[in-house]
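Can you make the complete structure from the sequences, with help from the hints?
All letters in the sequence shown, in the order written, are residues 4 to 107 by this note's numbering.
Please note: incorrect hints may appear among the correct ones.
Stated by the list, open to error - Keeping only pairs whose Cα atoms sit at most 30 Å apart, straight-line, the calculated DSS-like set for lysine-lysine is: (1) K13 x K28; (2) K5 x K28; (3) K34 x K13; (4) K5 x K37; (5) K5 x K34; (6) K13 x K37.
As the list claims (entries may be wrong) - Pair by pair, the computed Cβ-Cβ distance ranges are: (7) S51 x D22: 21 to 31 Å; (8) T63 x L39: 17 to 27 Å; (9) V61 x L39: 27 to 37 Å; (10) L20 x A69: 24 to 34 Å; (11) A18 x L64: 46 to 56 Å.
Think of the hints as simulated: they come from the structure by calculation, not from any bench.
The structure presented is a predicted model; accordingly, all values stated were derived computationally and were not measured.
Quick reminder that beta carbons are idealized off the backbone N, C-alpha and C, glycines included.
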Amino acid sequence: MKSVAISTFKARCLALLEDVARTGKPLLVTKRGKPLARLTAADHSRSSSPQDTLRHSVETLGDVIAPTIPATAWDATRGVLLARDDGGTVRTRRGRQTVRRSRR
Numbered sequence: 004m005k006s007v008a009i010s011t012f013k014a015r016c017l018a019l020l021e022d023v024a025r026t027g028k029p030l031l032v033t034k035r036g037k038p039l040a041r042l043t044a045a046d047h048s049r050s051s052s053p054q055d056t057l058r059h060s061v062e063t064l065g066d067v068i069a070p071t072i073p074a075t076a077w078d079a080t081r082g083v084l085l086a087r088d089d090g091g092t093v094r095t096r097r098g099r100q101t102v103r104r105s106r107r
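Below, the structure written as structure tokens:
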């Protein structure tokens, strides 16, 4: 792998980038003789869309159709006090919903 000092990289950045893109060989950028960064050519995938790139990268575990809680636990139709994520509460009265937010 070819290496170059950071001062040289700064002065010839565009030419070095084009060289890496053309040859496909990585370039090691060093600072005071120690590796600082590795420059590699971009991987040009042949997919027609970003979704094609993600194909086969997700695995479905368990049942995604069934509800996470039983229907008997749904108290919204009975006017029961429900908790909210933001700390406020939602109280249902006669078909209306009232939102009460906690004061901070």
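Holds or violated: are the alpha carbons of K13 and K37 at most 30 Å from each other?
With Cα atoms ~16 Å apart, K13 and K37 stay inside 30 Å; holds.
Whether the CB-CB distance between A18 and L64 falls inside 46 to 56 Å:
49 Å, holds
Sort out whether K34 lies within 30 Å of K5, counting only the CA atoms.
14 Å, holds
Is the distance from the Cβ of L20 to the Cβ of A69 consistent with 24 to 34 Å?
52 Å, violated
Please test the hint of 17 to 27 Å on the beta carbon pair from T63 and L39.
42 Å, violated
Does K37 sit within 30 Å of K5, going by the straight-line distance between their CA atoms?
14 Å, holds
Pairwise hint evaluation, K13 against K34, where the allowed Cα distance is 30 Å at most
12 Å, holds
Mind checking the hinted window 21 to 31 Å against the Cβ distance between S51 and D22?
29 Å, holds
Below or equal to 30 Å on CA atoms is what counts here, so check K5 against K28.
8 Å, holds
With the threshold set at 30 Å, check whether the alpha-carbon distance from K13 to K28 stays at or below it.
19 Å, holds
How does the Cβ-Cβ distance of V61 and L39 compare with 27 to 37 Å: does it lie in that range?
35 Å, holds
Checked against the numbered hints above, the structure violates hints 8 and 10; every other hint is satisfied.
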